[in-house]
Amino acid sequence: MKLNQLVFKSMLKNIKHYYLYFFALIFSVTLYFSFVTLQYNDSVLQTAANSGSAAAGLKAATYILYFIVLFFVLYANHLFMKRRSKEIGLYQLIGMTKGLIIRLVALENIVLFAGAVLVGMVFGFLSSRLFAMVLLKVLEQDTVVAMTFSIEAVKQTLLLFAILLAVILVQMAFMIRRVSLLSLFTASKQADERVKRFSPLKMMMGAIGIGLISYGYYASTQLFSEDVATDLFLNMLIILATTIGGTFFVFRFSIAFVLNLVRMKKNGHLSPVDVLALTPIMHRMKGNAKSLTLITVLTAVSLAITTLSYISYYSADEKAFSTSPTDYTLYEDNGKEFLAALDMEGIAYDAVELRLQKVEFSLEELVAEHMKNNELWNMDMEIYAVPLSDYIKRYPGLKLAENEAIITGYNNVLSEMIPLQLGNVTMKAEGQSYPVEVIEVKDEYLLGNIVVGVGGGPVLIVKDALFEQLAQHKGISVWHKQTSISLHDQGDLARAEMLYKETNAYHNEFYTADKNGELQLKTRNQVSKEKSRVDYISVMGVTIFTTAFLGLAFLLATGSILYFKQMTEAEEEREAYTILRKIGFSQQEILRGIYMKQAFNFGLPLAIGLLHSYFAVKSGWFLFGSELVTPLLITMGLYIVMYIIFALLSISYYKKVIKESL
Amino acid sequence: MSILIGRKIKKTYGKKQMAYEVLKGIDLEVEKGEFVGIMGSSGSGKTTLLNVLCSIDRVTEGLVEIDGQQLQKMKERDLAKFRRDQLGFIFQDYNLLDTLTVKENILLPLSITKIPKAAAEARFAELVKILMIEDIANKYPNEISGGQKQRTSAARALISNPSIVFADEPTGALDSKSATALLSNLVNINEQKNVTIMMVTHDAVAASFCSRVLFLKDGQLYTELYKGEKNRNDFFQQILHTQSVLGGDGHEA
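From first to last, the protein sequence lines are chains Y and L. Note that the first sequence covers residues 1 to 662 in the numbering used here. Note that the second sequence covers residues 1001 to 1253 in the numbering used here.
One chain only, chain Y, in its complex shape (with noise of 0.2 Å):
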């Protein structure tokens, strides 16, 4: 038989074997190719085009997703290489050189290469449409997605798997360089610890790993605190060390330890679940405890950075009312003609006017007191006074006593490191003083950005008596006036864009004294609060597109190398149920133990990811957007169901093995 013919043969003879591997090859080439795809897809690159940073963006997720679709398939080839263990021993005790079987190996890699780039091209050249509808849902574009088929993607992928197919090559030529004919036929057994004693050693190390997270966990909620905040990168690097080193700790010792205090107090007495679940588990933790830790990271990161990308486009809104707290905003006497043209088209609207008057002030007085002569932040500001007569048009139901202030507009990024309290402060303008009570802070947005500043800021609420005396110093004040004009219909939305474009409305100027005393004209653009959506949206959009699709990717990639590992467990695991059977446990019992050890397998992983990132955008969430708990929620909800999938997979996967086993 040639050789030609004996690789051929044994492809054949294997392709259950082969099965694994080659999902493994198509997946990744699909997802490669019809991300690379999208991005010469002429309506994706149109409007891509109106978003800046876009195209960037995606090359730089191509090499993230290059660097996925890398590891996972050498990590399937590595699993695939232990299994095929017997049979490439066999080949060297019939006489064949290390040299002839590494040929034939690559020979069949290469073939299963190119049938693998091939279907998966095909796939992925479908999907790729799918992704593109994605993408532009999300950008809020209504254009029909052509199907494109782009010779230059085809090239991209092809050498790029050329050059996986290339290491690939040069790690099976290693694995079968490096085994010697005995440790071949033993490959499947040896990867995993046999069964070791516990040490107390090993059990402090194990109380060490929990400490080390509980500490991580703690500080990254302590990160944007103000006395730490000085140091915000050493601290994120000890945060990421302490996780990733406990999480180590934790799979490596802590598990072990924890299910051998449970496994002494039984006292031999073991439950089938315990045979099943419990001990397996607690006996592999030393052979899978780096896997484990390197999935639960991956699990944790692109979960996080989901999330937060998840809550900047849920938080678009949130971001159009920082902008423009109603659907126009108008200062002084501007915008007369939009209101008139309004008017002329029929649109129905409501205008409230609000009186402001800027006065100085310092925050310092309402914060905690080890809070104060923070050098990262300062405290003085200029901010603007409403009168109580007016904000009740808006917001109705406040009532102040002489005296007493509210600080409304209060939110986000500012809030969560800044927390204010009750009390005096002392508002000041030109040289004069004037004492209030801050009896509420809140956090609704009343005035347009080009007054409190980009994200919003804080305004405080007086009664009309003490603003008319502020108002005495008009002339230090830029803005006196604002109109809030919220319409009654939001279907006149577009043409209310158009009109007030068209009036130039948005269009702001004002006189200020520069350092010289000089009067200087400035403008402003006030921008409305729907075209500040669509901006956000159009600029955010790929990004949080390609981040989505990253997240995806990763949670494919480490589910099915979850999913891989309990297909080689359980085959390594064959003999126990061929016993356990014999001394008569039916399947049924066997089974109820591998359904506890899946939910461990597959849900600690998981349980411990979804705990690292949840503290992870806890820590700093409010810098991307104002809604956690909606994009968190449903972000891990699609993780966890992901993961149930995979782990229903490898349940089956057992009952097979399971009912084959006698």
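Everything labelled a hint here was simulated from the structure, so no lab data went into it. Any given hint could turn out to be false.
The list that follows gives simulated cross-link-like pairs (lysine-lysine, DSS-like), each with its CA atoms no further than 25 Å apart [to be verified]:
(1) Lys1114(L) / Lys1024(L)
(2) Lys265(Y) / Lys1075(L)
(3) Lys1139(L) / Lys265(Y)
(4) Lys1114(L) / Lys265(Y)
(5) Lys1217(L) / Lys656(Y)
(6) Lys202(Y) / Lys1139(L)
(7) Lys1075(L) / Lys659(Y)
(8) Lys1217(L) / Lys1010(L)
(9) Lys399(Y) / Lys481(Y)
(10) Lys286(Y) / Lys1139(L)
(11) Lys1032(L) / Lys1015(L)
(12) Lys1073(L) / Lys659(Y)
(13) Lys1177(L) / Lys1129(L)
(14) Lys1008(L) / Lys1032(L)
(15) Lys336(Y) / Lys565(Y)
(16) Lys86(Y) / Lys656(Y)
(17) Lys481(Y) / Lys565(Y)
(18) Lys1114(L) / Lys1075(L)
(19) Lys1081(L) / Lys659(Y)
(20) Lys1024(L) / Lys1010(L)
(21) Lys82(Y) / Lys13(Y)
(22) Lys656(Y) / Lys1081(L)
(23) Lys1129(L) / Lys266(Y)
(24) Lys266(Y) / Lys1081(L)
(25) Lys1032(L) / Lys13(Y)
(26) Lys659(Y) / Lys1177(L)
(27) Lys266(Y) / Lys1117(L)
(28) Lys655(Y) / Lys1081(L)
(29) Lys1015(L) / Lys1081(L)
(30) Lys442(Y) / Lys618(Y)
(31) Lys265(Y) / Lys202(Y)
(32) Lys656(Y) / Lys1015(L)
(33) Lys1117(L) / Lys265(Y)
(34) Lys1177(L) / Lys266(Y)
(35) Lys1008(L) / Lys1193(L)
(36) Lys659(Y) / Lys82(Y)
(37) Lys655(Y) / Lys1075(L)
(38) Lys1114(L) / Lys1008(L)
(39) Lys1193(L) / Lys266(Y)
Place chain L on chain Y using the hints.
Just chain L now, kept in the frame of chain Y:
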């Protein structure tokens, strides 16, 4: 009283033209408290016979009855329960779970039953005493010798007070000293606790510990020997003799 009855047991592997008949109609009965050996050369079907008798495999034709219950009529799940409650197993390669300690391995069959802990503990203490493995109870299988492993396996077979114990080449992987120790232990248990034992072996020394030995040849029962009042050495000679007759009467002759 017969505890195990086999009638016209046939076992065929493969389909139609490729069919290969391993057991060609075997009748046998085992009395309560007997220590029965099954001998025969490789390929004579002794392990297959043991497997169908102990419900691990199913017969193609014929019937097997243990303690009055017909195995053919039972469902997969009931069979498992039956094995757990009524049967004990000792295998050549020990079949201990590597991840469990000796004690955990021995108590394994009780893990699904509702036997109170104290009762299980008492049985365990009694068995490890008889089998002399008290001091290794907390060791893992990879830390003990082959003889100790096989005695552990024997203890596991006996922990559920089975009505019959099946042993498939229990001494196959042991040195002669450990083998003798194990077999003496089995004889002790057979006599003291009146446990029925059925053992497959190709070793005449091992077979000489039995009270009766069945000889299998090409899927059929060839002959059987009773130990009776003979001492072990005489019985051993008699077994050797029968074996040589059996071996000299091959296909080619």
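Against the structure, the hints come out as follows:
The hinted pair formed by Lys1114(L) and Lys1024(L) fails the criterion: a straight-line CA distance of about 41 Å is larger than 25 Å. A distance of roughly 36 Å separates the Cα atoms of Lys265(Y) and Lys1075(L); the hinted pair therefore is violated under the 25 Å criterion. Straight-line distance between C-alpha atoms of Lys1139(L) and Lys265(Y) comes to about 16 Å, which keeps the hinted pair within the 25 Å bound. Distance check on the hinted pair: Lys1114(L) and Lys265(Y) sit about 19 Å apart at the alpha-carbon level, within 25 Å; holds.
Only pairs whose Cα atoms come within 25 Å are accepted, and Lys1217(L) paired with Lys656(Y) is rejected, the gap being roughly 36 Å. Pair hint Lys202(Y) plus Lys1139(L) holds up; C-alpha atoms about 18 Å apart against a cutoff of 25 Å. The suggested pairing of Lys1075(L) with Lys659(Y) holds, with an alpha-carbon distance near 15 Å, which does not exceed 25 Å. About 14 Å separates the Cα atoms of Lys1217(L) and Lys1010(L), which keeps this hinted pair within 25 Å; it holds.
Simply put, Lys399(Y) and Lys481(Y) have alpha-carbon atoms about 22 Å apart, close enough for the 25 Å limit, and the pair holds. A hinted pair counts as satisfied when its Cα atoms are at most 25 Å apart, and Lys286(Y) with Lys1139(L) qualifies at roughly 19 Å. Of the pairs offered as hints, the one joining Lys1032(L) and Lys1015(L) is violated, with about 37 Å between alpha carbons and a cut-off of 25 Å exceeded. As the CA atoms of Lys1073(L) and Lys659(Y) are separated by approximately 20 Å, the hinted pair is consistent with the 25 Å bound.
Annotation: proposed proximity of Lys1177(L) to Lys1129(L) holds, straight-line Cα distance about 19 Å (limit 25 Å). Distance check on the hinted pair: Lys1008(L) and Lys1032(L) sit about 21 Å apart at the alpha-carbon level, within 25 Å; holds. For the proposed pair Lys336(Y) and Lys565(Y), the alpha carbon gap of about 69 Å is over 25 Å, so the pair is violated. Pair hint Lys86(Y) plus Lys656(Y) holds up; C-alpha atoms about 22 Å apart against a cutoff of 25 Å.
Of the pairs offered as hints, the one joining Lys481(Y) and Lys565(Y) is violated, with about 67 Å between alpha carbons and a cut-off of 25 Å exceeded. Only pairs whose Cα atoms come within 25 Å are accepted, and Lys1114(L) paired with Lys1075(L) is accepted, the gap being roughly 22 Å. Simply put, Lys1081(L) and Lys659(Y) have alpha-carbon atoms about 16 Å apart, close enough for the 25 Å limit, and the pair holds. Our distance criterion of 25 Å between C-alpha atoms is met by Lys1024(L) and Lys1010(L), whose separation comes to about 5 Å.
Annotation: proposed proximity of Lys82(Y) to Lys13(Y) holds, straight-line Cα distance about 17 Å (limit 25 Å). Among the hinted pairs, Lys656(Y) with Lys1081(L) is consistent with the structure: their alpha-carbon atoms are about 21 Å apart, no more than 25 Å. Note on Lys1129(L) and Lys266(Y): the hinted pairing holds, with a Cα-Cα distance of about 21 Å set against a maximum of 25 Å. Proposed proximity of Lys266(Y) and Lys1081(L) is supported: the alpha carbons are some 24 Å apart, at most 25 Å.
Proximity of Lys1032(L) to Lys13(Y) is assessed by CA-CA distance (about 50 Å); at most 25 Å being required, the pair is judged violated. Proximity of Lys659(Y) to Lys1177(L) is assessed by CA-CA distance (about 38 Å); at most 25 Å being required, the pair is judged violated. With a C-alpha separation of about 10 Å, the suggested pairing of Lys266(Y) with Lys1117(L) holds against the 25 Å cut-off. For the hint linking Lys655(Y) to Lys1081(L), the alpha-carbon distance of about 19 Å falls within 25 Å, and the restraint holds.
This hinted pair does not check out: Lys1015(L) and Lys1081(L) have alpha carbons roughly 30 Å apart, beyond 25 Å. For the proposed pair Lys442(Y) and Lys618(Y), the alpha carbon gap of about 21 Å is at most 25 Å, so the pair holds. Between Lys265(Y) and Lys202(Y) the CA atoms are separated by roughly 18 Å; this keeps the pair inside 25 Å, and the hint holds. For the proposed pair Lys656(Y) and Lys1015(L), the alpha carbon gap of about 23 Å is at most 25 Å, so the pair holds.
Restraint check: the Cα-Cα separation between Lys1117(L) and Lys265(Y) comes to about 13 Å, which is no more than 25 Å; the hinted pair holds. With a CA separation close to 35 Å, the supplied pair Lys1177(L) and Lys266(Y) exceeds the 25 Å bound. Between Lys1008(L) and Lys1193(L), the direct Cα distance comes to roughly 31 Å. Violation of the 25 Å bound is thereby established for this hinted pair. With a C-alpha separation of about 24 Å, the suggested pairing of Lys659(Y) with Lys82(Y) holds against the 25 Å cut-off.
About 18 Å separates the Cα atoms of Lys655(Y) and Lys1075(L), which keeps this hinted pair within 25 Å; it holds. For the proposed pair Lys1114(L) and Lys1008(L), the alpha carbon gap of about 37 Å is over 25 Å, so the pair is violated. Between Lys1193(L) and Lys266(Y), the direct Cα distance comes to roughly 29 Å. Violation of the 25 Å bound is thereby established for this hinted pair.
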